[in-house]
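Student: Sequence:
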Amino acid sequence: MTSSAPPAASTVAAAGDRSPVDVAASASRLRYRLRSGRGSDLPVELDGAQRAVVNSRHRRLRVLAGPGTGKTQTLVEAVVDRVENRGVDPSQLLVLTFSRRAAAELGERLSTRLAVTTTEPIVRTLHGYAYSVLRSAAQRAGLPPPRLLGAAESDRMMADLLAGQLASGGRNWPAEFRAALGSRAFAAELRDLVLRTGERALAPSAIAALGRKYRRTEWVAAARTATEYQQVSDLRMGTTGLGAALDQAELTLAALQELSDDAVLAEEQQRVRRIFVDEYQDVDPAQAKLVQRLAAGADELVVVGDPDQAIYRFRGADPAGLRDIAVDHTVNLTVSWRSGAALLAASRRVARLLPGPTSHRELCPVGGDADEGPNAGPVEVRILPTAAREAAYVADRLRRAHLQDGVPWSEMAVVVRSPAASLPELSRAFGVAGVPMTVAAADSATRPHPLADAVLSLLECGLEPNRIDTATVLALLTAPIGAAGGLDPLALRQLRRAVRVAGALMPAATGDPAPTGAQPTPDGAATVDSVRAADMPATDRTTAMADTADTEAGPHGAADTARAADPDPAAPEGPAAGAVGDPELLGRVVRAEAAGIDHPVLAAVAQSQPDAAAALRRLAGLLRTAAEVATAPDAETALWRVWTALGVQPGLLAAVDRGGRPAANADAALDAVIALFDQAAELAARLPGAGVRAYLDQARGPAVPGESTAAAARHGDRVTVLSAHSAKGLEWDLVAVCGAQEGRWPDLRTRSGLLHTEDLLDLAAGLDPQLSRVPTVLADERRLFYVAVTRARRSLLVTAVSDDDTAPSRFLHELAGEPGDESPVPVQQGWPGGPTSPHRGLHLADVVGELRRLVTAAETVPPVRQHAARQLARLARAGVAGAHPEQWYGVGGVSTDSPAVDDDRGVSVSPSSVEALQQCQLRGVLERRGARGPLEDPQLLGIVVHAAAGGLSQGLPRTVVDAEITAFLAGLVQLPDWQTARLRRAIDKMVGAVQNWLQLQAAAGTSTVGSESPVDLPLTERVRMSGRIDHLARSADGSVLITDFKTSSQTQSKAAAAQNLQLATYQLAVSGGGVAGLPAGTELGGAQLLYLRDGSPKSRVQPALTGELAELARAASLDAAAALSGAQLLAKENSGCERCPVRSCCPLQSEGRQVTR
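If you count the sequence shown from 1, position 27 lands on 27 in UniProt numbering, and the numbers rise without skipping.
None of these hints come from the bench; they were simulated from the model.
As the structure is a computational prediction, the values presented were derived from the model and not from experiment.
Backbone N, C-alpha and C fix where the C-beta goes; we use that ideal spot for every residue, glycine too.
Worth double-checking, as some hints may not be accurate.
[Stated by the list, open to error] Within a straight-line C-alpha distance of at most 25 Å, the following computed PhoX-like cross-link-like pairs (lysine-lysine) qualify: (1) K989 to K1132; (2) K1132 to K1098; (3) K989 to K1054.
[Stated by the list, open to error] For each label pair, taking beta carbons as the anchor points, the in silico distance ranges come out as: (4) R624 to S168: 38 to 44 Å; (5) T386 to R853: 21 to 27 Å; (6) A326 to D747: 31 to 37 Å; (7) R467 to V327: 57 to 63 Å; (8) D598 to L842: 55 to 61 Å; (9) T112 to R853: 32 to 38 Å; (10) R467 to A614: 18 to 24 Å; (11) R624 to D261: 54 to 60 Å.
Could you build the full structure based on these sequences and the hints that come with them?
Tutor: What follows is the structure, encoded as structure tokens:
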């Protein structure tokens, strides 16, 4: 986009019908204005209990309202009655509720029903009302209005305080706590302690007193930190000229303190005469005290709530508040306007084990039974064998409801206990089934998106260029950031190799020092010091050593995996190909380019990898843009500049329009970016002038799900996936409750933490902290499950997994009931249907698969086969993937018959690959192009032993070699200690064998000519032999002996060694002048395979090269070149097939037969 509209607004506008999320950006500019209500004369149907609430004359009324009983509508009609029928001035009304979403809904309903004009909003959240009290007080005192601190900002302030205490030695804290002072998790826990104690008006002095009384020194330290936290907050107010910065708990306590002034309280009570409080079960003790203090002189107080839906105790809410409040009368709303009899019976079975009053639980449906849900009955309980099958069944069930029953996607929801645990499986299953989904905003914070993470990384690098290191560059190159990213693993590997080679060839030009200790040997090869890996990541160390060492994979013991690492068969295998440079060279190259300095390494890389070099230059351009905006006065501007520089927005919007799984992925990316703009706008509203650094601190801080009335809007026609907490107050036609496993739901773990906040609160309340909290936690979990299963209007699906390690939740069985219960629900196992009545899929892929089976199955009768073929033709004409036979495996013909290497390009063949290609061309070529899989113990042994043997051959002391081995193994962090120890024992044994063998050679008068000596011999105008020879020595008679070290446990016979093609090819190379320093015609003393596995060298000798063997080696090398460059490969069955890593591509194996059949 090239629009110059404000950042957040432009981003959202570009997203089509997305809900506006830039509300926070203009929060600081909002002004109240007179608003004329639209009014409505539509009749509202109420049941008897609802009318009793509307007509009530009691001064203090409690309304207990179960789920779906119309409590919000009752509250609205009661307010309308006071204005229209009793003549109450609307400005004397105050409606309080728990969340901004609920306040927005209530305000909208009242605006629709009331035809009045107000100067102040009637509906407020409890925190919003507390803020209004403090704002009025600040105006009277001539001070700036207070500011509300978000949870993330509060946690950061606490973390900064603890960091300062840690820097000064942490003397306030017990010694065992000091190590935790730098942890964000500990800062969040301490902040929670301050929040929870603040809600109960527990001052720091009281916390310290309890700590001293019960010998809990950590509470004394926490009290001191809480005092310091308040002092810092006050200091910020005085130095910034902004209002007092208060978190939610402090906001309520400060309002209570303000209302403790009799004059202020009298003025507020005179203004507010009638108070209505919704969701009263969710108020904390401080909020309850605020309501009761204000209502002491009011004409009317009505509190509405449901103790069975009190699910915010972890935030400080007290479920007992609704029970304990003093009232004149209680009304129970027991008519369900939402659910039918079967749904109510099932949910009632869950609620009957909850503590508290029961009269409001006897719900009955309005107007008879409305249980005509989609497909199956209104309640379905099903147990699946795996989480993947569970997610697939839920996706199938929702798709059937949409296609067969016409239920809109937006009228379906999936409710889970933990989005982080359930979303991966659900996302995959929904994508496969073609079910569009969206994740509730409050739950999406648990899913970091790669695009959003990359945007933040760019801003961080722009602010601090030193962050541009190799790891960051690699992460950005693979991130979905348009032309500058998205490199696949192969392209990334080729780029890293090109950078290493360029750095090794031009250390002086780049200004980078040559690798420490890399001394050229007489034959030009690098010693073991050239692969010094002490300061390299484990993966780089392995790659580095693999590029310079021969390895063995498979029973034949000569697969030379490392030497064949170059995927380009035409690439040379000289010293540069195995060069290892500074692992941070890539980071320095990009850092220089981002600073506007042309780096010669990048110019060299562009010669061999132009696409990758172009991606690096584009990335450097993005980093320059990020650096330019790093000092922007507000984060929104910086974020907008970086976002537009990426240029990915048009592609994402186009993907959304196309639909399908790409649309879901693109939408998730856009949601993540919009969330970044939300955070920036919120920060600007709370802290004007906060720059990029403050924004990054917040964005990279602990993920705290926020609440946004805009973000809570539903995303078009999609299934909503959300947590049970987020589902409260919402309803859908069809609700699926997933993951009802014991251990997950209920989750009975007690969360006491290091500070044992619950013990502190219990002691402050006069309770014994030694009493078990499990019953309380179980009740909380049951309430949460009750909220989840009462969201459905027409149909409810509850699923769980049952396997050897997982059992269905007790709540699932409570919901299903027993045979004697009202409307029991059978607990069904697995997918419905069977051999006689299959459960057919409704996705196009399922239909195409079934039709193809009918067409190709031998048992299909001709009329059915013909009908299936006609349907496939119909789908093929519509462009459905997989319907046309040309798209079937083995039918469409060969994709290309072009040779792998053009005729005008050269081909290089390594001696180690000749034997592998003779054994099986298919395996040899595919392995050379990367189909080897991860390195295992045999390959690691080969890498280390060959590198060590090279060092010993060049005269390095054994102590130096052992130190290099230690450094290399220390980097293999992916291996357990026992495996590393086993590797070390085997390596030491074989390195000792090499050392003993070299000593024997020296005693016999044999001198080393070269180690890891490069081979370069033209065979034809197009074919060259290139590779490395492990060891070359000159015997006392002047002949040259070739040695190839073997770490395999399997030894070739003497006869096989005499005909070994790898040894013969080495001899051909030496005799032909293919080794530097050894002219053509050099006298050969033969070649040998030296086996080191058992610790004592065992030799298998090949005599000096004969003419017949030389022709055989030459012919085999040319055959290998033809296989590497040709259009066809020959697969041969041999003894290595059982362990072959490319069986799935081989037409001789059952796994690979689809290639040709």
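Student: So, for every hint listed, does it hold in this structure?
Tutor: Outcome of the hint check:
no.: 1; hint: K989 to K1132; verdict: 36 Å, violated
no.: 2; hint: K1132 to K1098; verdict: 30 Å, violated
no.: 3; hint: K989 to K1054; verdict: 24 Å, holds
no.: 4; hint: R624 to S168: 38 to 44 Å; verdict: 40 Å, holds
no.: 5; hint: T386 to R853: 21 to 27 Å; verdict: 24 Å, holds
no.: 6; hint: A326 to D747: 31 to 37 Å; verdict: 35 Å, holds
no.: 7; hint: R467 to V327: 57 to 63 Å; verdict: 60 Å, holds
no.: 8; hint: D598 to L842: 55 to 61 Å; verdict: 58 Å, holds
no.: 9; hint: T112 to R853: 32 to 38 Å; verdict: 56 Å, violated
no.: 10; hint: R467 to A614: 18 to 24 Å; verdict: 23 Å, holds
no.: 11; hint: R624 to D261: 54 to 60 Å; verdict: 57 Å, holds
Of the numbered hints given earlier, the model fails hints 1, 2 and 9; all others are met.
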